[in-house]
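Q: Let's have the full structure, built from the sequences with the hints guiding it.
There are 2 protein chains.
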Amino acid sequence: MIPKTPLSLSDIRLATVYKLLGDEELARAKSETICIEQTIEFPADLIADDDIRAKIFGQIESFERVDESHFEAKISYAVESSGFELTQLLNLIFGNSSIKPGIRVERLELPESLLQAFKGPRFGRDELRNYLGVEKRPLLCTALKPMGLSAKSLANYAYQFALGGIDMIKDDHGLADQSFSPFEERVELCAAAVAKANAETGFKSIYIPNITAPANQMLEKAHHAKNTGAGGLMIAPGLAGYDIMRQIAADDEIALPILAHPALQGSYVLNPDSGISHHALFGQFARLAGADATIFPNHGGRFSFSKNECQSIVDGTEVEMTHLKPIFPAPGGGMSLDRLEEMSEFYGNEVIYLIGGDLHRHGDDLAENSRRFRKIVNNSKV
Amino acid sequence: MIPKTPLSLSDIRLATVYKLLGDEELARAKSETICIEQTIEFPADLIADDDIRAKIFGQIESFERVDESHFEAKISYAVESSGFELTQLLNLIFGNSSIKPGIRVERLELPESLLQAFKGPRFGRDELRNYLGVEKRPLLCTALKPMGLSAKSLANYAYQFALGGIDMIKDDHGLADQSFSPFEERVELCAAAVAKANAETGFKSIYIPNITAPANQMLEKAHHAKNTGAGGLMIAPGLAGYDIMRQIAADDEIALPILAHPALQGSYVLNPDSGISHHALFGQFARLAGADATIFPNHGGRFSFSKNECQSIVDGTEVEMTHLKPIFPAPGGGMSLDRLEEMSEFYGNEVIYLIGGDLHRHGDDLAENSRRFRKIVNNSKV
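Protein chains in written order, with this note's numbering: chain R, 1 to 382; chain X, 1 to 382.
By construction, these hints were calculated from the structure, which means they are not laboratory data. Keep in mind that the hints are not guaranteed to be accurate.
Unchecked claim - With a Cα cut of at most 27 angstroms, we get these calculated DSS-like pairs of lysine-lysine:
#1 X/152 / R/4
#2 X/307 / R/100
#3 R/136 / R/325
#4 R/136 / R/196
#5 R/307 / X/100
#6 R/196 / X/4
#7 X/325 / X/307
#8 R/152 / X/4
#9 X/100 / R/100
#10 X/74 / X/100
#11 X/196 / R/4
#12 R/100 / R/74
A: Printed below as a string of C-alpha cells:
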C-alpha cells in the first residue's frame with residue numbers, strides 16, 4: 001500500500017471530453033481506466049483513501065451517450081498535475097491513453113488558472129488584421145514552390161505574388177535548409193523581393209519562411225528571419241514539437257505572427273474513433289501553442305477532411321479559451337480560384353485562403369493571377 | 001510552367017516503404033500521388049522535363065501486392081531533399097501524406113550518406129550493458145510512482161528498488177515538474193538515494209529522470225540531471241519532439257543513455273491502414289533520434305499491441321541502419337512478475353523488462369520484491 005499522502009492542492013481542475021467507442025458498459029470501463037491511466041498509472045487498490053485518490057485521480061464529471069456505439073465522458077484532473085507546462089498538459093490529457101483504441105480527445109475545458117501560464121496567440125485574428133492593414137475581407141495566402149527551385153527563383157515568385165497583392169507569401173512546408181535553396185539565402189532574397197514589391201505597390205505583403213528545423217536551430221532561425229525582414233513564421237508542430245512554437249510565439253523580440261502547419265499530424269485525426277479531434281488539435285492545441293493561424297486541408301481538395309470536420313476546426317479557432325485569442329483558420333490543400341465563391345459561403349470573412357499551385361495554373365504572369373485572386377475575394381458577397 | 005531547372009544533386013536516394021490500402025488501381029494511384037505530395041506538392045503537369053522531374057520527384061522503386069486489399073510501394077527521394085535534418089526527413093517521409101487515409105509508413109531504407117548526419121544511439125545495446133555492468137541477462141527497469149507522492153517518498157522507493165538490484169529506476173512519465181514533486185528536488189533526492197544503495201550493495205543501479213519539459217528547459221534539465229548524478233534520461237518525443245532527443249543524445253557533455261517513452265504517439269500506430277508502423281516508429285525513428293532503449297506496451301497487458309507488433313518493434317530496434325547501433329526494446333504497460341517467464345521466451349536476453357506497479361503488489365518490502373524480480377530473471381532459461 002502507498003502510505004496516506006496529504007497534498008496541498010487547489011480545488012481547480014482542468015477537463016478533457018473524450019469520445020469512447022463501445023456499449024455503455026465498455027465505455028464506462030474505459031472512462032474509469034482513463035482516470036487512472038492519465039494520472040497515477042498504478043494499481044488503484046493500492047492507494048489509500050487519501051488526497052491522491054481524492055485529488056490526483058481523474059474524475060468523471062459527466063458521462064453521456066452520443067450515439068449507438070459512442071459515449072462522451074468529461075474527465076477532470078487537478079490543475080497542478082499539468083505542472084502548468086504544455087508538454088505535461090498534453091501528456092496529462094492523452095499521453096498513454098493515445099495508445100489505447102477507441103478513445104478520442106474531443107475538446108478541452110481549461111480553467112483560467114492554467115491558461116494564465118500560456119500567452120497564446122500574440123496576434124490572433126484582430127491583431128493580424130491590424131498588422132496586415134486588412135479590415136474585413138478574408139486574407140490571401142500562397143506558398144513558394146516547387147521544391148527544387150533556387151532561392152532566387154522562389155524570390156522572383158515572391159515578388160510577383162506581392163506585386164499582385166497577396167497578403168501572406170509563405171514557404172512551402174517542404175522548403176527547409178536544402179542545398180538547392182539554403183534557408184538564409186532564401187529568407188534574404190524573398191524578404192527583399194516582397195519589400196521591393198511593397199515599395200512599388202504601397203501594399204503590405206509579408207514573407208513567411210518555414211523555420212521548422214532541428215531543435216538547436218529554431219530560435220536562431222526565428223531571430224534571423226525577423227532581422228532579415230520576414231513578416232511571419234511558419235512552424236510544423238508535428239515535426240518540431242508544440243512547445244518550441246509556444247516559446248517562439250511568446251518571444252517579445254521575435255514578435256511575429258505564427259502559422260501552424262499540419263505536417264505529420266494527420267495520424268491524430270484520421271481515425272474517428274481514436275486520436276484527437278480536428279477541433280482540439282487544429283484549434284485548441286494550436287492556440288495553446290501560440291499559433292495565429294492554423295493551416296489544414298479544406299474539404300473537397302486532395303485530402304479527406306469533411307465539411308463537418310472543417311467546421312469543427314473553425315469552431316476550435318474561436319471557442320472561448322479566456323485570454324487565448326481566436327485565430328484564423330487557413331484552409332488549403334489543393335484549393336483553386338474557382339472554389340473561392342463556395343469557400344466564401346462556408347468560411348465567411350474570418351479565414352485565410354491558402355492557394356498554392358493553382359496560381360501557376362492561369363498563365364505565367366503570377367502578379368496578374370494574384371490580382372485575380374484578390375479581385376475574386378474583394379467581390380465575394382460576404 | 002516552371003522554367004527548366006538544372007540541379008546539382010547526387011544520385012543517392014533514400015527510400016520509404018508505404019503500405020497502401022485499396023485495389024491495385026487505387027494503390028497505384030496513391031503511390032503516384034505520394035511521389036508528388038511528399039516533394040513538389042505542385043501540379044506535375046506544370047513541371048518541365050528537367051532535373052526537378054528527374055531528381056526531386058519521388059520515384060516508385062517497387063510496387064507489390066501484400067494481400068487482397070494492400071500493396072507495398074517503395075518510394076525514393078533525393079537524399080538532398082531531407083536537408084540532412086531529422087525534422088525535414090520526417091516531413092519528407094510522411095509530412096502531408098500522414099493526412100491522407102490508407103497510407104502507412106512501413107519501414108525506412110536510409111543510405112549511409114544520410115545516416116552520417118545522425119550520431120544515433122550513443123550507447124546502444126552493448127555499451128548500455130557495459131555501462132551497467134550486465135553481461136548477458138535482460139536488464140531490469142522500474143518506474144517511480146504514483147503521481148502525487150513527494151520527491152522524498154519517491155526517493156525512498158528509489159532507494160529500495162536499488163537495494164533490490166533493479167538496474168534502471170526511472171520516473172514515471174507523468175512526473176514532470178509539479179508542485180508535489182518538483183523536478184530539481186526529485187532528481188537530487190532520487191539520485192542520492194540510488195547512490196546510497198549502490199554504495200551499500202556494490203551494485204550499479206541508475207536513476208533516470210523524466211526530462212520531458214518545455215523546449216527552453218530541456219537542455220538545462222538534462223545538464224542539471226547529469227550534474228546531480230542521474231544515470232540516464234527519459235524523453236517522450238511525442239510530447240517534446242524527436243529532434244530535441246537527438247540533440248541531447250548527441251551532446252558529449254551530457255553523454256547519458258536515453259529512454260524513449262511513447263506518450264502521445266499511440267495515434268500513429270493504432271490504425272493498421274494509416275500512420276506509421278510499430279517497426280518504424282518505435283524502432284527506426286527512435287534510433288535516428290538517439291534513443292538507447294524504446295519503451296512500448298507489451299502484448300497482453302492493458303494496451304492492445306499484438307505479439308506481431310511487439311516483434312516488429314524488436315526487429316526495428318536491431319534492423320541494419322549502418323552505424324546506428326541496435327537498441328533495447330523495453331516492453332512495459334502493466335507487466336508483472338508472473339509474466340517474466342513467458343516474456344523471456346518471447347524477447348530472449350536483449351530486452352529491458354519494465355515492471356512498475358506490480359512491484360508494489362507483493363508486500364511493502366520493495367527491496368525484497370525487487371530481489372524477487374532479479375532472481376526470476378537470473379533463473380530464466382534463456
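Q: Compare the structure with each hint and give your call.
A: Status of each hint after checking the structure:
1. X/152 / R/4: holds, 14 angstroms
2. X/307 / R/100: holds, 16 angstroms
3. R/136 / R/325: holds, 17 angstroms
4. R/136 / R/196: holds, 25 angstroms
5. R/307 / X/100: Holds - the C-alpha atoms of residue 100 of chain X and residue 307 of chain R are around 16 angstroms apart, at most 27 angstroms.
6. R/196 / X/4: holds, 26 angstroms
7. X/325 / X/307: Given pair residue 325 of chain X, residue 307 of chain X holds - Cα atoms ~24 angstroms apart, limit 27 angstroms.
8. R/152 / X/4: This hinted pair holds, its Cα atoms lying about 14 angstroms apart.
9. X/100 / R/100: holds, 22 angstroms
10. X/74 / X/100: holds, 17 angstroms
11. X/196 / R/4: holds, 26 angstroms
12. R/100 / R/74: holds, 17 angstroms
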